[in-house]
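A.B. asks: Based on the provided sequences and hints, a complete structural model is requested.
Residues per chain, in single letters:
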Amino acid sequence: MSERPKLVASRAAVPTPSHPNLGTPERTVSLLAGTLLIANGLRQGGLRGWPQVLLGACAAWRGYSGTCRIKRALTHTPFEQAFEQDRDWSGSKIISRSITVGKPREEVFAFCRNPGNLGALVPWIDAIEQTGEHTYRWVAHGPMDKTLHCDIEQNEPKDGRKLHWTAGPGTRFKHDIQMHFNDAPAGRGTQLKVIVACQAPLGAAGYALAAAISKFSDKALLHLLRSIKQQLETGEVSTNRMHASGTKDFLFVHPAKEAPQTPPYQPSTGGNA
Amino acid sequence: MRALTWQGPNQLQVETVDDPSILNPRDAIVRVQMSSVCGSDLHLLGGYVPTMQAGDIIGHEFMGEVVEVGSAVRSFSKGDRVVTVSIIGCGECEHCRRSDFSCCDNSNPNPSATDIAYGQPACGIIGYSHAFGGYAGSHATYIRVPFADVNLFSIPDGVRDEQAVFVSDAVPTGYFAADNANIQRGDTVAVWGCGGVGLMAISSAYLLGAERVIAIDRLPDRLQLAEEKAGAIALNYETTDVHAALLELTGGRGPDRCIDCVGMEAHGTEIDYFYDKTKQMMRLHTERGTVLRQSIRACRKGGTVSVVGVYGGLLDKFPMGAIVNKSLTLRAGQQPGQRYVERLFEHIQKGELDPSYLLTHPMGLEQSVEGYAMFKEKTQNCLRAVFRPE
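Chains as they are written, first to last, in the working numbering: chain D, 1 to 273; chain Z, 1 to 390.
Treat the hints as calculated values from the structure; they're not laboratory data. Please note: incorrect hints may appear among the correct ones.
Pulled a few chain D residues facing chain Z out of the computed Cβ check, cut under 8 Å [said to hold, decoys possible]:
1) 102
2) 106
3) 187
4) 188
5) 221
6) 222
7) 223
8) 226
9) 229
10) 230
11) 234
12) 236
13) 238
14) 239
15) 240
16) 241
Chain D is nowhere near these chain Z residues, computed Cβ spacing over 12 Å in every case [to be verified]:
17) 8
18) 23
19) 90
20) 95
21) 121
22) 243
23) 315
24) 324
25) 360
Have a look at the derived ranges for each label pair, beta carbon to beta carbon [stated by the list, open to error]:
26) D:172 <-> Z:285: 39 to 47 Å
27) Z:271 <-> D:25: 49 to 57 Å
28) D:61 <-> Z:377: 49 to 57 Å
29) Z:120 <-> D:139: 27 to 35 Å
30) D:61 <-> Z:97: 53 to 61 Å
31) D:18 <-> Z:333: 23 to 31 Å
32) Z:239 <-> D:7: 55 to 63 Å
33) D:139 <-> Z:324: 52 to 60 Å
34) Z:120 <-> D:162: 22 to 30 Å
35) D:58 <-> Z:379: 55 to 63 Å
Note that CB positions come from ideal geometry on N, CA and C, so glycine has one too.
C.D. replies: Printed below as a string of structure tokens:
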């Protein structure tokens, strides 16, 4: 029997009255606040009073049952908690996506370890400059014609099986990106799993903000992984444009420019591993 | 070039747009010579398929002549007379290698909408909304075809343009429906919908060994074609209790195989139709499931229900209990036409299949707005209006 892998998708259990996720102080505060709100709402009555009664009833039920879905949504996942402990981060928001590329692992790894190949697949990346043996500066064009840059260190902790990128020193919000390469079963090629961690400071509010931003990151990751797969399997990235200008992505419309060049890479012929 | 564009629900316009150009090495540019309307376009026209944008060129069933190819195209060159399968395959992914071209992983440049809606990104489809790739359609002077070596097919000598154009979509969709139904020799097959796809499904069912095909629709001209051209027993659901008739015709067993060629805008006379219509108008669900429910209910125990009618989202009152307790097999999909095109051309060359009668109204592209109005309203016995860009 194979070992159960650690899943980024694992979440805190859904709370029930028999398995509450609130402690005694939280429940007491909720009950007291709810009772006060109900009493005040009944005293006031009318359009101002009844919403208080409703809110108070919710709070009282929260205290009585000991369950809170909002707290659950803001609870860091088991994977995030383990990651924070390992990296000594105060908070993190982690997303993950996987894709199977119908090419041998060595070929997929060789493609992904070249930042020039990945950068060519991201519409808003203008340039990637190597600044050290393992460090690169990624230059992107942002909204309102702003140029953004990020120094990233790239490592290969497991040759042919894992790539690791971390934001360089001095970066305001730390990022940690892992790309895992595994052989897919039955000769289907390579399973590529990307785990993106972003530091989420400021407690629950920071976590909620990072969670909201991660929706965009997740979409960008989906597009990048599909583009990697398309490039490796078909030799090109599909497009619906009529012309080589006026590209559009999920963030903003870029000014017209020359078509992105096909990455300096030719996939091998001959199919799967 | 001139093109028919979608401007909003039930608003089409012929306008001048830029010519397409080669963007990827495996692209080809085709000068469109014939481009047909399709029943699935009506879902776009009615606003039932989200992610359409004003200015989108529609149309996906066409034939023409190659005028330019990308540097990696090997099998085609300028001047080739070709038909294009409307569902785009890359030819390289796991699914395309299994001939499941309509499950292609690499042909949709906009993966996020269907990733959310369906769990994984769907394939790209020519001229069929941004959720399916946002590719410009074929009701235009020129069209860019991605992965040309996979999706273009040379039209053999002896196959006329008006036959070849339907090998783009209607014929392979009908054939796929019959193939998916797992028809055994001697089977009785019921086909709902006698439009272009339904008529081709009837003919395909016979080619694949059906003993008898029963066709269901409400339009007398289409039912007449089903009888005269395709050899089916026609039932008009407005004047017949379809379920009772199907049992009566099959000794109480029900049809062995049922094929839904109608999809999300099914019509009906029963209460469930009005329920569906009301919920659809209120945008509470996306599908009208009358045909799906009828076919599942009618199908014999242990039989197969094959669905090629287009459904896009969520359906209410789905009879899952009948599927489980009658041990039905439900199979569905967009057509992987690349799998069938050569076989279909052989059938046409041998005279076993002639889809040319689907073309009832040849028109110029400039008249395409009127063509769609006629097709939508089913006036003048319009089965398929086919546009010839000038």
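A.B. asks: Would you mind marking each hint as holding or not holding in the structure?
C.D. replies: Comparing the hints with the structure gives:
no. : hint                        : in the structure
1   : 102                         : 5 Å, holds
2   : 106                         : 18 Å, violated
3   : 187                         : 10 Å, violated
4   : 188                         : 6 Å, holds
5   : 221                         : 11 Å, violated
6   : 222                         : 6 Å, holds
7   : 223                         : 7 Å, holds
8   : 226                         : 5 Å, holds
9   : 229                         : 6 Å, holds
10  : 230                         : 4 Å, holds
11  : 234                         : 5 Å, holds
12  : 236                         : 4 Å, holds
13  : 238                         : 4 Å, holds
14  : 239                         : 5 Å, holds
15  : 240                         : 4 Å, holds
16  : 241                         : 6 Å, holds
17  : 8                           : 20 Å, holds
18  : 23                          : 5 Å, violated
19  : 90                          : 5 Å, violated
20  : 95                          : 10 Å, violated
21  : 121                         : 7 Å, violated
22  : 243                         : 43 Å, holds
23  : 315                         : 26 Å, holds
24  : 324                         : 28 Å, holds
25  : 360                         : 31 Å, holds
26  : D:172 <-> Z:285: 39 to 47 Å : 46 Å, holds
27  : Z:271 <-> D:25: 49 to 57 Å  : 56 Å, holds
28  : D:61 <-> Z:377: 49 to 57 Å  : 55 Å, holds
29  : Z:120 <-> D:139: 27 to 35 Å : 33 Å, holds
30  : D:61 <-> Z:97: 53 to 61 Å   : 55 Å, holds
31  : D:18 <-> Z:333: 23 to 31 Å  : 45 Å, violated
32  : Z:239 <-> D:7: 55 to 63 Å   : 57 Å, holds
33  : D:139 <-> Z:324: 52 to 60 Å : 57 Å, holds
34  : Z:120 <-> D:162: 22 to 30 Å : 25 Å, holds
35  : D:58 <-> Z:379: 55 to 63 Å  : 57 Å, holds
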